[in-house]
Structures are given as structure tokens and as C-alpha cells.
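Going line by line, the protein sequences match chains A and B.
Once you know that position 279 of the first sequence is 279 in our numbering, the rest is easy, because the numbers rise by one and skip nothing.
Once you know that position 194 of the second sequence is 194 in our numbering, the rest is easy, because the numbers rise by one and skip nothing.
Quick caveat, the hints were computed from the structure, so don't treat them as lab data.
This structure is a prediction, so every number in the text was calculated from the model and none was measured.
There's no promise every hint is true.
[Unchecked claim] For each label pair, taking beta carbons as the anchor points, the in silico distance ranges come out as:
(1) A/Q397 <-> B/Y351: 33 to 41 Å
(2) B/A285 <-> A/K111: 32 to 40 Å
(3) A/N292 <-> B/R306: 44 to 52 Å
(4) B/N111 <-> A/Q397: 48 to 56 Å
(5) A/H83 <-> B/R108: 56 to 64 Å
(6) B/Y280 <-> A/T197: 54 to 62 Å
(7) A/G398 <-> B/P227: 27 to 35 Å
(8) A/A295 <-> B/D5: 51 to 59 Å
(9) B/A285 <-> A/D282: 45 to 53 Å
(10) B/R108 <-> A/H42: 51 to 59 Å
(11) B/P235 <-> A/G278: 37 to 45 Å
(12) B/Y351 <-> A/K111: 16 to 24 Å
(13) B/K237 <-> A/V377: 53 to 61 Å
(14) B/D336 <-> A/G249: 47 to 55 Å
[What the hints assert, rightly or not] Short, incomplete list of chain B residues facing chain A, as computed with Cβ under 7 Å:
(15) S132
(16) S138
(17) I171
(18) A329
(19) G352
[Claimed, not checked] Residues from chain B that keep clear of chain A, each with C-beta distances beyond 12 Å, as calculated:
(20) D259
(21) Q292
(22) H367
Even glycine gets a Cβ: it sits at the ideal position worked out from N, Cα and C.
Spelled out, the chains give:
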Amino acid sequence: MTERFLEGVRVVDLSMGWAGPLCGRHLADNGAEVIKVESCSHFDWWRGWEATQTFIDDHGYEKAASFNTVNRNKLAITLDLEHPTGKTLLERLVATCDVVLENYSGGVLPKLGLDWSRLSKVKPGLIMMSMPAFGATGPWRSYRAYGSTVEHASGLPHLNGESDWPPTMQHVAYGDAVAGLNGAAALMIALRHKHRTGEGQFLDLSQAECLFPLAAHGILEQSATGTAPPRLGNRSRAAVPRGVYPCEGDDEWVTVDTQTQLQWTRLQSLLPELQAFGNLDDRAANVDAIDNVMAAWTITRTPHDVMTTLQAAGIPAAVLSASTRLTSDPHLVARRFFAMLERPYVGTIPHPAAPYRDGTRPLAIDRPSPTLGQDNVRVLHDILGLDDDEIRALEAQGIIGERPLPMEKTQ
Amino acid sequence: MQALDGIRVLDIGGTVATGYLGKLFADHGATVIDVEPVEGFETRRLQPYVPDAEPGEQSAMHRWLSTNKKSTTLPVDRLIDAADVLVTSQPAQELEAMGITTSALARRAPNLVWSSVTWFGLDGPYSRFAGSDAVVHSLAGMVRGIGRPDRPPMLPTGYQAQVIGGLTAFIGTMAQVLAREFGNADGLIRLDTSILEANLCFTEVGAVAGYGQHFVGKRLGVNRFPPTYPLGVFPCKDGWIGITVLTPAQWHAFCALLDLDALALVPQYQTALGRLEAAYEIEPAFAPRLLQWSAIELFHRAQAARIPLALVPTMAELLDVDQFSSRGAFANVTHDDDASLTAPVVPFRLYGSAGLANGHSPRLGAHDGEFA
Numbered sequence: 001m002t003e004r005f006l007e008g009v010r011v012v013d014l015s016m017g018w019a020g021p022l023c024g025r026h027l028a029d030n031g032a033e034v035i036k037v038e039s040c041s042h043f044d045w046w047r048g049w050e051a052t053q054t055f056i057d058d059h060g061y062e063k064a065a066s067f068n069t070v071n072r073n074k075l076a077i078t079l080d081l082e083h084p085t086g087k088t089l090l091e092r093l094v095a096t097c098d099v100v101l102e103n104y105s106g107g108v109l110p111k112l113g114l115d116w117s118r119l120s121k122v123k124p125g126l127i128m129m130s131m132p133a134f135g136a137t138g139p140w141r142s143y144r145a146y147g148s149t150v151e152h153a154s155g156l157p158h159l160n161g162e163s164d165w166p167p168t169m170q171h172v173a174y175g176d177a178v179a180g181l182n183g184a185a186a187l188m189i190a191l192r193h194k195h196r197t198g199e200g201q202f203l204d205l206s207q208a209e210c211l212f213p214l215a216a217h218g219i220l221e222q223s224a225t226g227t228a229p230p231r232l233g234n235r236s237r238a239a240v241p242r243g244v245y246p247c248e249g250d251d252e253w254v255t256v257d258t259q260t261q262l263q264w265t266r267l268q269s270l271l272p273e274l275q276a277f278g279n280l281d282d283r284a285a286n287v288d289a290i291d292n293v294m295a296a297w298t299i300t301r302t303p304h305d306v307m308t309t310l311q312a313a314g315i316p317a318a319v320l321s322a323s324t325r326l327t328s329d330p331h332l333v334a335r336r337f338f339a340m341l342e343r344p345y346v347g348t349i350p351h352p353a354a355p356y357r358d359g360t361r362p363l364a365i366d367r368p369s370p371t372l373g374q375d376n377v378r379v380l381h382d383i384l385g386l387d388d389d390e391i392r393a394l395e396a397q398g399i400i401g402e403r404p405l406p407m408e409k410t411q
Numbered sequence: 001m002q003a004l005d006g007i008r009v010l011d012i013g014g015t016v017a018t019g020y021l022g023k024l025f026a027d028h029g030a031t032v033i034d035v036e037p038v039e040g041f042e043t044r045r046l047q048p049y050v051p052d053a054e055p056g057e058q059s060a061m062h063r064w065l066s067t068n069k070k071s072t073t074l075p076v077d078r079l080i081d082a083a084d085v086l087v088t089s090q091p092a093q094e095l096e097a098m099g100i101t102t103s104a105l106a107r108r109a110p111n112l113v114w115s116s117v118t119w120f121g122l123d124g125p126y127s128r129f130a131g132s133d134a135v136v137h138s139l140a141g142m143v144r145g146i147g148r149p150d151r152p153p154m155l156p157t158g159y160q161a162q163v164i165g166g167l168t169a170f171i172g173t174m175a176q177v178l179a180r181e182f183g184n185a186d187g188l189i190r191l192d193t194s195i196l197e198a199n200l201c202f203t204e205v206g207a208v209a210g211y212g213q214h215f216v217g218k219r220l221g222v223n224r225f226p227p228t229y230p231l232g233v234f235p236c237k238d239g240w241i242g243i244t245v246l247t248p249a250q251w252h253a254f255c256a257l258l259d260l261d262a263l264a265l266v267p268q269y270q271t272a273l274g275r276l277e278a279a280y281e282i283e284p285a286f287a288p289r290l291l292q293w294s295a296i297e298l299f300h301r302a303q304a305a306r307i308p309l310a311l312v313p314t315m316a317e318l319l320d321v322d323q324f325s326s327r328g329a330f331a332n333v334t335h336d337d338d339a340s341l342t343a344p345v346v347p348f349r350l351y352g353s354a355g356l357a358n359g360h361s362p363r364l365g366a367h368d369g370e371f372a
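In isolation and in its complexed conformation, chain A is listed as follows (with noise of 0.2 Å):
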């Protein structure tokens, strides 16, 4: 049963991607209607950001992981909201709602007449987040990005990697993620507001500062000393031994990561060739041979064995895990982290659930994420009250849909 945590906030999600519909995952799985918008000409780009006639045909639109995985929990619709008629539907239903979710590029809501000086006359009390890649204000407010570039542009690649190396990424998007929560958050903290005042706003969030906070332990350091933390690869200098060791099998690593005094000296216990260091200076001074100890032990041993050793003995151990072995992992499967739900076109696949449950029970998802165009006539009927016959003229306009119009048609 869907949880009823948010149960009579609506949200109409204007967002593609993955930040945007992470957001909007997270109010949805807490129990709030979110109803997402995309048009047959302009599908959610997360479906497929290379699509062709024959990717269409072949409902490459409806397969994508990416998309399948952001968007459960949802209502889907489709309007045109270049037509006029498209544009008076999204009104009404703003109308209705309380929270209006977008991330376009700058400048497209306000060419089509919906930005927030317009929806906030619609709809008295209205909350409208947009997630702009460097936010609504600035010289680079209408600047484009990708979770990728946001990383670049937060300077955190200059904390990461070896000295000698370019500065590193750890992630090909990691800023769309990290927009996502960071948008379900400042979406928490307006409803609230709005509950006790009745006050809706406009809320600006800047996927590049949302990165910031991760990159806190550089920018204060620079702050305090005037000099960033060195770049020292996978060691630290607040534990040795700190690393990614080479353990049996091809490519098989295990992460070890010494944090105290205590764990160091359990350490020792379990690799006598350890006893001859000491306390942190020491090993700091030593850290090219204790790291060939550790090697010279994990090699031989899988990293499975390696973890479970070191963890009977309270020292953080890690396997280094893959996202295709996420599925299978014993402690992810004890915990139910994945439910597997059938969709329309892709079959049974995992979902993975809200990283925050009720006791032991996951919160619940009742849908996979929505087909292009599902839930058209629930919303135009049930919520704008449209009758049978309005809708078919919608559809026959082109207005509606449940199938991205041909390519020709869109380019």
C-alpha cells in the first residue's frame, strides 16, 4: 500500500533526467501524487538522449534503466505545451496542485508562459522549485550543464586522485543525484512552511552549490590553514593503513580504512609483520611499507575473506562491489533493498527502495514507473474533469498521446 506520509500534497514534475525525477521519487514514495508532464514531442530525454525513428519504433523510449528507475511511484501525462490548449491544461492543473518541479534550461519555461510570475497567479500559495545547473541569479544563470560539469564547476575534482594526476572525478554525473535530494529537501522545508503560514515561494536551487557541502572538508581547510588538503590518492593522514589493496581474482580489490588506534592494534594482532610500527606519526613515516604488507596478505585471500576478517575484528573492510553485483549483495537482499516489479516493455526488474524505512519494512512501491502518456485520462477526468469526448479531440490534436510523435514531426 502506498505510503501516506505526504497524502494530499500534489506535485506536477516538469523535470527530465535525473535530478528533477529523483526529487520528485522521494516525495512520491513518501505518499505525495506527483504527476509528471512530458509531451509526445518532447519525452523525457532520461528515456533516451540519442533516440531515432527506429529507437522510437522499437519502444526504446519506454527500456531506458535510467528513466525506469527515477519515476516509479508517479502519474505520467503528455501535453503539447506549445499549444495554446496544452498550456490552459497545465493551468488548471497547477491550479489543483501544491508543487511545481521543473529543471529546464533557463528561459524555456518563460518563453512558454509558465515560469513562476505566471503560476504563482494560478495558483495562490503555489511552491515552484526550479534546478537551474548554476541557479537563477548570477552572470551564469542561464548556463548549461550536466551532473558532470556541476562537479567540475564545485572545484571538489581538485580534492580527489593522485598529486601528478589531471584533477579527478569520481563519477560520470555526480551532481544530478546530489541536486536530487538536496531538491526533496528544500521541497520538505516549504511544505512546512506552507502549512503553517499558507505561503507558497519560489525556491532556487543551484545544482552546482549543491556540491559544495561535499567538497566542505577542501573549502575549510582553505579557509582555516590558506591551503587546500593535499592531494594524497587513497591514503589519508588521519589513518594508515587507508587503501585499495589487490586481492585473488582479476581485478578484485578490497578497501581497508584504519580510522583509530584501537583498530590498528587489531590490525597487528592479525598480521604480526605489522608489530613494527607504532602510532599514527610512525605509520604516516612507514606508510610504502605497511602498504606492502597489506598487499602482500590480501593478494592471496578473495576480498570477501578479506572483509569478513578484518570486520570480526571491528576494522573497516570493503569489498569493492560493482553496481551490476548490487542485486545479489547478501546484506542489500536481507534487507529487501530491491523489489521486483513488472513494467510494461523491459519485464520484472529491481527497485531499489528509499534509503529510509519504517522499522524493517522498505516503504512501499506500488508502480513501476509510468508509460508515456499513462495516466492522460485519470488526470484530464478524474482531476480537471474532462469528459470522454474532449479527451479523444485532445488526442486527435496531437495534444495528448502515448506514443512519441515521429521524429520528423519534432525536428
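For chain A, the structure is supplied; the task is to place chain B on it using the hints.
Chain B in isolation, oriented as in the chain A frame:
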């Protein structure tokens, strides 16, 4: 009036994750009380340090996490009755020794949101494992693809996994606070946030896409990740430029920007994966041309051509980037010792109920008198 006025949060967890969760509450007006042991939270001993500060007060990280909060070393038992939210990081046995159990709390604070933020969650085979940011990143599948193929994979630095855990726990915790205020839920809830599961947001798409497959991708090199190329951080005449070229239109515009017309129409280069497979021949063609430009000039020219390039500022440069300074992205963290730090503010702007930008970090036990 601030958005979260009237909410009272007790943090006895004392980690970066619980500290960041509490910071989001405190910077929006909630009363957040760090209920610390007499030696102080472990965050008070985390690097980086403020030079010459006294032990227990020297952590710049703790100062940032604790802005606009109160600190007490009094027993949590004295404070629990008036709490709306209790934040913990400890395992059940440790909490039971402190008298914190579901039944005890239900008697004292029947509508309490008990928000547990632990490395791996409250049950499951790893629930008693020792955690760290590096351990979580490793188990989440985030590390294997970073770095050179001939070297060990590269761990991210800092406390990133915990910040993500705290941010995620804030979402779940606020949903429970709202549920009680909306009348959608009542009674005590023990919310279980796993920092590992919070960080799976970065890799879950790969888990879904690769379900039923046993393929494990190889590291492609520093800053090389599927599914596209050019991607990465490259030197310019005077700094670093971040490049992401994904769509065919961006590829053509990128080639035009760098006068690489001969590359633009190569059939294999029309798709992102096709270019990634040919990175070894594309990079020598464009990388030298970047050295002819200053990073700032290339950045603005690329953006004018709708190509998502970015400056990659150093920590020293970051605080002076006009885009960020004009938006007040950084503010002051003060402390009784008069040292002031520049630190990130909560990264979203609520124009109707703005959060606090600047903040003061309390000394250990600074508010004992208020709660005695």
C-alpha cells in the same frame, strides 16, 4: 519566522551524517541540541583543524556542522520529553544502555520521530560492521570505476558518504514530521536510514540496467566513464576546464569551437559510445588546442555555443568565483575563539523562508546552564 521554527531536535549521534541532518534543521530555524558526551562528539576531532585552537574545539568540520545549534553535556534523559525528533547513530545495545528503547521513548514522547542514521541500517548481515566513508563508497560500487586501469581504484576523499547519508535522512525525517503535522501519521516511529543505501543513489541505475548480467566494467582511465566522450578535466593555458560532450549537437559545436571540422562528421563519432571507444584518437586531436585558451575564455565561449563546459576552480579560486559569491554560496562560521571560517551555506534558496547563512558554533557544553 523561519520554516522549521518550533521543531526541537536532539542529536546524540555525533557523526558527520547526524550532524549534517541536524544542520539542515538548525539552519532553517529548528532548535537543535547536540547532546554530547563529556569528551564531546567524535566530529570535534575530525580534520581539518583550525590552527592553534584548543583540543575539542579545533575541528573546522565540527564548527561547520554545528552552526546555529546548542551544545550540552547533560544526560539526554533530561531533554527527551520535549523533543520532536531524536537523532541517533549508535547500535541498539549501546542505546539500551542509555535507556533509549522504543517502549521507553513511547511513554515519554509518544509522537517522537526517532531517526536512526547508521552506516548499514539496523538489521542485515553488515549491520554490525565497522563503517567509514571509504567503506560505504566501496560497497556501493562507486570506487571500482575511478582511476587508471593499471593502478588500484581511487577512493573519494572527505566525508561525502556521510553528508549524503545525513541529507537523505533529513528527507525521510522531515516526511515523518510533516506526516504528524498533517494528521497523516501519529505515534512513535523509528526511522532507519542506511548511509550505504543512501549512497546507492549513485549506482542504482547500473544495478537495474545490469540486472541478471555478470559483466563488471573495467576502469577506463582517470576521468573516463561510460557512456560518453569527450569527458573530463583538461589543462588550459592558465587553469583547468571541465568538458562534457554528450549529444550529437554538442559534438558538432565542440568541433566547431576548436576548429576540428574534420572530426565532426566521422561516422563513428556521431554517438557518445562511439567516441568513447575512439577516445585514444580523439584526445590527441583536441587536447593541445585547449592549451591555446584561458580556461575562463573557453568556458564562456563554449557556453555561448550551448556546450556544457565548466571552469574547474581550485579551493583557493572557488571562494572568489563571481557566480558563487554573487549568490552568497559561502558564509561565515564563527566561534567563541574569534576565528571565523568561510564555509558553504545550505545550497538552496527559499525566497519566502530563507535559511540562515552565517552561524555560530557552540563550545562543548555551552548551553548546559539552559537545560540544567
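Cross-check of the supplied hints:
no. : hint                          : in the structure
1   : A/Q397 <-> B/Y351: 33 to 41 Å : holds, 37 Å
2   : B/A285 <-> A/K111: 32 to 40 Å : holds, 36 Å
3   : A/N292 <-> B/R306: 44 to 52 Å : holds, 50 Å
4   : B/N111 <-> A/Q397: 48 to 56 Å : holds, 51 Å
5   : A/H83 <-> B/R108: 56 to 64 Å  : holds, 58 Å
6   : B/Y280 <-> A/T197: 54 to 62 Å : holds, 59 Å
7   : A/G398 <-> B/P227: 27 to 35 Å : holds, 32 Å
8   : A/A295 <-> B/D5: 51 to 59 Å   : holds, 54 Å
9   : B/A285 <-> A/D282: 45 to 53 Å : holds, 49 Å
10  : B/R108 <-> A/H42: 51 to 59 Å  : holds, 54 Å
11  : B/P235 <-> A/G278: 37 to 45 Å : holds, 41 Å
12  : B/Y351 <-> A/K111: 16 to 24 Å : holds, 22 Å
13  : B/K237 <-> A/V377: 53 to 61 Å : holds, 58 Å
14  : B/D336 <-> A/G249: 47 to 55 Å : holds, 54 Å
15  : S132                          : holds, 4 Å
16  : S138                          : holds, 4 Å
17  : I171                          : holds, 5 Å
18  : A329                          : holds, 5 Å
19  : G352                          : holds, 3 Å
20  : D259                          : holds, 22 Å
21  : Q292                          : holds, 18 Å
22  : H367                          : holds, 24 Å
The structure meets every hint from the earlier list without exception.
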